[in-house]
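Q: Make the full structure from the sequences, and use the hints.
Residue numbers for the sequence shown follow this note's numbering, beginning at 500 and rising by one.
Among the hints, a few may not be true.
Cross-link-like lysine-lysine pairs, in silico, DSSO-like; alpha carbons within 27 angstroms at most [claimed, not checked]: (1) Lys521 with Lys531; (2) Lys521 with Lys709; (3) Lys542 with Lys531.
Label pairs and their computed distance ranges (CB to CB) [to be verified]: (4) Glu525 with Leu796: 57 to 65 angstroms; (5) Lys521 with Met720: 53 to 61 angstroms; (6) His641 with His779: 44 to 52 angstroms; (7) Gly721 with Leu796: 31 to 39 angstroms; (8) His779 with Tyr613: 40 to 48 angstroms; (9) Glu690 with Ala734: 33 to 41 angstroms; (10) Leu825 with Ala770: 33 to 41 angstroms; (11) Pro658 with Asn586: 20 to 28 angstroms.
Since the hints were derived computationally from the structure, they do not count as laboratory data.
Computed from a predicted structure; not experimentally measured.
Note that CB positions come from ideal geometry on N, CA and C, so glycine has one too.
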Amino acid sequence: MSEADAEAAEPTPGRTAIWIEKYRPESLDEVKGHENIVPRLKKYVETDDLPHLMFAGPAGVGKTASAGAIARELYGEDWREHFLELNASDQRGIDVVRDRIKNFARSSFGGVEYRIIFLDEADALTSDAQSALRRTMEQFSHNTRFILSCNYSSQIIDPIQSRCAVFRFTQLSDEAVEAQVREIADTEGIELTDDGVDALVYAAAGDMRKAINGLQAAAVMGEVVDEEAVFAITATARPEEVEEMVEQAIAGDFTAARATLDDLLTDRGLAGGDVIDQLHRSAWTFDLDEHATVRLLERLGEVDYRITEGANERLQLEAMLAALALEA
500 MSEADAEAAE PTPGRTAIWI EKYRPESLDE VKGHENIVPR LKKYVETDDL PHLMFAGPAG
560 VGKTASAGAI ARELYGEDWR EHFLELNASD QRGIDVVRDR IKNFARSSFG GVEYRIIFLD
620 EADALTSDAQ SALRRTMEQF SHNTRFILSC NYSSQIIDPI QSRCAVFRFT QLSDEAVEAQ
680 VREIADTEGI ELTDDGVDAL VYAAAGDMRK AINGLQAAAV MGEVVDEEAV FAITATARPE
740 EVEEMVEQAI AGDFTAARAT LDDLLTDRGL AGGDVIDQLH RSAWTFDLDE HATVRLLERL
800 GEVDYRITEG ANERLQLEAM LAALALEA
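A: Dropping the structure here:
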């Protein structure tokens, strides 16, 4: 193979890289949508006075990115030497706390006053592991700072929470998600339509990671990223389709509502949980009166609980539509 052919065969970096990593924030200024949190974190970095931190909130909103940005700003190019990242959902036991964390905290280092241990999904740690972690935080507080990330802070024991400055990350605003996907599309030279942006924002539901993944997947499928491409690649139903199904049921037309549900589950490939999430997210935007919306939410709660307990998704969703139709 000639040198020219070899160069032609090399993949284009922009198209083969995973965009959620390629566009991961490298500084706190690049963290989007948390104007009430970022300035406080920057103050800790500027004063080099970092306490133990806890980041609580849903997935894809910048918790891990913020932890990495703090390490980069504190340690510069050598940040990886002073930053240990563990995923507690993979390594949940007490041995992780006793071994890997303690070994890192004990190891000698120079040039910095303290190192950072980032424990992702810390709410997956067992109670024993959290108790061990509490003691480790006390023992090595002179040379180690812990950053804990979790979806549910209620799953973290109080003694750990009281040792941390707690930051509650909320779902990202539609404006923040839109700004980011437009910026990436411009950088990558992607033709992104306005309805495509709206579809990405809707499908993401405040999750930046989901929005960026959806954009990359849709861009691979064609030259233009529009509404149709986004809904197809993200296995998301259009809001009007979900609303039509509910309106059919409330109007008493169970057969039509069931046919719409069958299309979503069978032809479109949505999971029952996806349908429930979209119904819950869009319930108050439907053109329904307040009484009908309350009935819908009541039924959704019952169905979600039963599916969580192991019931059949299709059967439960059909039962919900049947109940709405009978009450018509």
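Q: Take the hints in turn and mark each one as holding or not.
A: Hints and how they fare:
1. Restraint check for Lys521 and Lys531: satisfied, since their Cα atoms lie roughly 15 angstroms apart, inside the 27 angstroms limit.
2. Between Lys521 and Lys709, the direct Cα distance comes to roughly 14 angstroms. Compliance with the 27 angstroms bound is thereby established for this hinted pair.
3. In summary, the hint linking Lys542 to Lys531 is supported, as the alpha carbons are separated by about 17 angstroms, within the 27 angstroms threshold.
4. At about 42 angstroms, the beta-carbon gap between Glu525 and Leu796 misses the expected band of 57 to 65 angstroms.
5. Range check, Lys521 to Met720: Cβ separation about 19 angstroms, and the 53 to 61 angstroms hint is violated.
6. Distance hint check for His641 and His779: the Cβ-Cβ separation is about 47 angstroms, which falls inside the suggested range of 44 to 52 angstroms.
7. For Gly721 paired with Leu796, a C-beta distance near 37 angstroms keeps the hint of 31 to 39 angstroms intact.
8. In this structure the supplied range 40 to 48 angstroms holds for His779 paired with Tyr613, their Cβ-Cβ distance being about 43 angstroms.
9. The hint said 33 to 41 angstroms for the Cβ distance between Glu690 and Ala734, and at roughly 23 angstroms that hint is violated.
10. Checked against the given bound of 33 to 41 angstroms, the beta carbons of Leu825 and Ala770, roughly 26 angstroms apart, lie outside it.
11. Between Pro658 and Asn586 the beta carbon distance is about 22 angstroms. The supplied range of 20 to 28 angstroms therefore holds.
Hint check: violations occur at hints 4, 5, 9, 10; the rest are consistent with the structure.
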